[in-house]
Amino acid sequence: MKKIYHVEPVLESFVWAGDKITEYYGYQTTMTKVGQAYHVIALPDHLDNIISETKEHLSEFFKRHPELFDCQYPIFPIRMATSCGQGLMSYHLHPNDEYAWQHEHCRGKVSGGVAILDKPNETVYKRMGHTAKTIEEFKELFEKRDFDTLLQRVEVKPNQFLNTPAGVIHSGGGSETMSVVFSTNSDITYRMYDYERDDPKRPLHLKQAFECLNMPETDLKPHDIIDEKQPGMIIHHYYSKPNEYTAKGFSVNGEGTYECDQFLFILCVKGQGMIHDTAIHKGETLFIPAHFGPFVLKGEMECMSISYIEE
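Numbering of the sequence shown is given in our numbering, commencing with residue 1 and proceeding in unit increments.
Among the clues, some could well be false.
Taking lysine-lysine and the DSS-like style, the derived pairs with C-alpha atoms no more than 25 Å apart in a straight line are [what the hints assert, rightly or not]:
(1) Lys298 - Lys229
(2) Lys298 - Lys33
(3) Lys221 - Lys241
(4) Lys2 - Lys298
(5) Lys270 - Lys229
(6) Lys282 - Lys20
(7) Lys20 - Lys126
(8) Lys144 - Lys126
(9) Lys270 - Lys282
(10) Lys157 - Lys241
(11) Lys229 - Lys282
Hints are computed from structural coordinates only; laboratory data are not their basis.
Please model the complete structure; the sequences and the hints are all you need to start from.
Here is the structure:
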């Protein structure tokens, strides 16, 4: 019998956050300053979703039910979250897999996000990537806190997607914009500057950051999202790279059919509807096992999905 599973969100509080995420999704919690709602994450003893039907953490569920994932990677490989930095986030970067496995015994992190915009045709600007030609030039500008000179200002137009590779310094926050962020399953962040906040829970990691910093900087150009029109819906192809993540969006207006050979997580970000025989509402996430076969998406809703392709 084909079965779809519900994934319970995990919330995390940050000094730079507000309450927009919990208000938007209607999550019932006493936690304040929720900066991340993790819809898909599996970091044992830290941040780990629960599967409602089995009461298992996602990391356990992945190990105990390999037939549902058909994935050879030894640990759960991907994550998806809603993020909103109403305050200013730190300047930071993430290591690649090679460095992270050697020094942190886990995956590195690459990520990309799609803004949930109140104004759909709004252009978003990202502070990410640097302009320095040498590590000496980078350190000189960094020590002066001359971030206007040091950092690039990357323009992301409507219907574009920007992936953030490992080793890219970036920041964010200072706005009410929420984004759905797709990434590899890692929580390794190397902070470089945190606005002089004196918080022992938020140390700086300058040695590791300089070891991981891209020099010269990688090309940080957003690419156009491919929209695939199908009966009853539009499928938005955001990003797909083997061993990283595959991210898509679904604008459902009626009834459409979709099929994915890989395991799939679907988050409803607006509206409500049905997926196969299971209702889904804003803020809810469903897991669809690998080789599930064709299934119907029905209703008036915007959904985001993440899956994983192996080389």
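How the hints compare with the structure:
1. Distance check on the hinted pair: Lys298 and Lys229 sit about 15 Å apart at the alpha-carbon level, within 25 Å; holds.
2. For a cut-off of 25 Å, the pair hint linking Lys298 to Lys33 is broken: about 34 Å separates their Cα positions.
3. Pair hint Lys221 plus Lys241 holds up; C-alpha atoms about 16 Å apart against a cutoff of 25 Å.
4. At roughly 18 Å between alpha-carbon atoms, Lys2 and Lys298 fall within 25 Å of each other, so this suggested pair holds.
5. A C-alpha spacing of about 19 Å is found between Lys270 and Lys229, which places the hinted pair at or below 25 Å, so the restraint holds.
6. Between Lys282 and Lys20 the alpha-carbon distance is near 14 Å, which keeps this suggested pair within the 25 Å criterion.
7. At roughly 20 Å between alpha-carbon atoms, Lys20 and Lys126 fall within 25 Å of each other, so this suggested pair holds.
8. Straight-line distance between C-alpha atoms of Lys144 and Lys126 comes to about 21 Å, which keeps the hinted pair within the 25 Å bound.
9. Simply put, Lys270 and Lys282 have alpha-carbon atoms about 5 Å apart, close enough for the 25 Å limit, and the pair holds.
10. For the hint pairing Lys157 with Lys241, the CA-to-CA distance comes to about 22 Å; that is within 25 Å, so the pair holds.
11. For the proposed pair Lys229 and Lys282, the alpha carbon gap of about 23 Å is at most 25 Å, so the pair holds.
Hint compliance for this structure: hint 2 alone is broken.
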